[in-house]
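*Asks:* Here's the letter readout for the chains.
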Amino acid sequence: MSDLDQDRLKQELQTLGEDAPTQDELTLATADGDDAVDVAVVAALVGISEPLENAELSEMSQARAWRKVEGRLGLQAPRPAAAQSARRRPWAMVAVGLAAAAAVTFIIVRPGPQPDGEHHEMAIALQTQARQGLSTLGVEPGGESARAQQMLADYEARMEGAG
Amino acid sequence: MKRAFTRLLAGLVLAGSLAGVAGCETQRGPGDEAVPDARLETHAVLESTPTAEGLEYIRQVADAHQRADDNPDKAAEILREALAITAPEDLGEAEILRLELAARLGETLLPERAREARELLTEMVPPEKSLPIDRASAHALVVLGDAALAEGDDALAAGTFARSIRMMSLLRQELKQ
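Sequence lines, in order, name chains V and R. Mind the numbering: the first sequence is residues 1 to 163 in this note's numbering, read in order. Mind the numbering: the second sequence is residues 1 to 177 in this note's numbering, read in order.
Heads up, a few of these hints could be off.
[To be verified] These stretches of chain V come out as covered by chain R in the derived footprint (C-beta under 8 Å, 3 or more residues): (1) 121 to 132; (2) 136 to 146; (3) 151 to 157.
Derived by calculation from the structure, the hints in this document are not laboratory data. Where is the CB? At the ideal position from N, CA and C, for every residue including glycine.
Based on the provided sequences and hints, a complete structural model is requested.
*Replies:* Written out as structure tokens, the structure is:
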């Protein structure tokens, strides 16, 4: 993130009455390349570890959780400048996002048939992430040939070493 | 602030999506609609003791890739023939080589022959089959996801992409060790 973007970020936060971003938050906000994949993969793994449904979650509890999610999304509205929020802790936004993801998962994800549109959007989002992940791993078009040649060379070397 | 929250929401959608598909067995609802299957069984690939038969097999596969590079119009045919070669039983590397062949063949067939690609890769990487922790597995899964998406099977695509992402997470852990 350039100095100009950082200054702009700080200005926006100040306008909203928020504290200045910590270094951790700046790192999260500017994650790209491998770091972005790391963040997304960690978020995905935590999401996977959550149960799909909770039989003990009543309709009232679900509605309460949904209101919490709506409330968190509503945090984008400006707060009074005089209000002093509590000091931000590192990873607070990640924790909030993951908790919201778990709540949304309970409410939105239900077993059984879903409209085709939801699966399609999910598949498209996952495809983008998967393709980015392959690129990060160094899997590129035409790379199979080079890899096969390398495996052949390695195998021959091991044979000579064993012989 | 806005950018950070946007990224957070994107991660939220992804986490929710993956949580939605992870651990689901393929099910059919009242409307006969499939649910994404994100099961993933894995195993490590151990180096095998080199043999002349193993060397010959790897050489044949490497040659096939080279010929496919030199003859793009015949690549699909060349790669299919290579997949049909019987690998020595004790050659651990064969599993990876076959997955690489299948992934490349699948990409060659897409998008016009998406059904063939899907059938080929469905047989190679079904959810109940244990896959080697290798980028070849991740590649094959992604290509299967692409084929499924091209065919309009969004449930298969979503489940397969989720499996590929999990495989890549395992690989990144291996690389960091």
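*Asks:* All the hints need checking, so say for each whether the structure fits it.
*Replies:* Cross-check of the supplied hints:
1. Only residues whose C-beta sits within less than 8 Å of a C-beta in chain R count toward coverage, and the segment 121 to 132 of chain V has 9 of them, enough to reach three; the restraint holds.
2. Beta-carbon proximity to chain R at under 8 Å applies to 8 residues in the segment 136 to 146 of chain V; the threshold of 3 is reached and the given coverage holds.
3. With a cut-off of 8 Å between beta carbons, the segment 151 to 157 of chain V has 4 residues touching chain R; three or more are needed, and the interface restraint holds.
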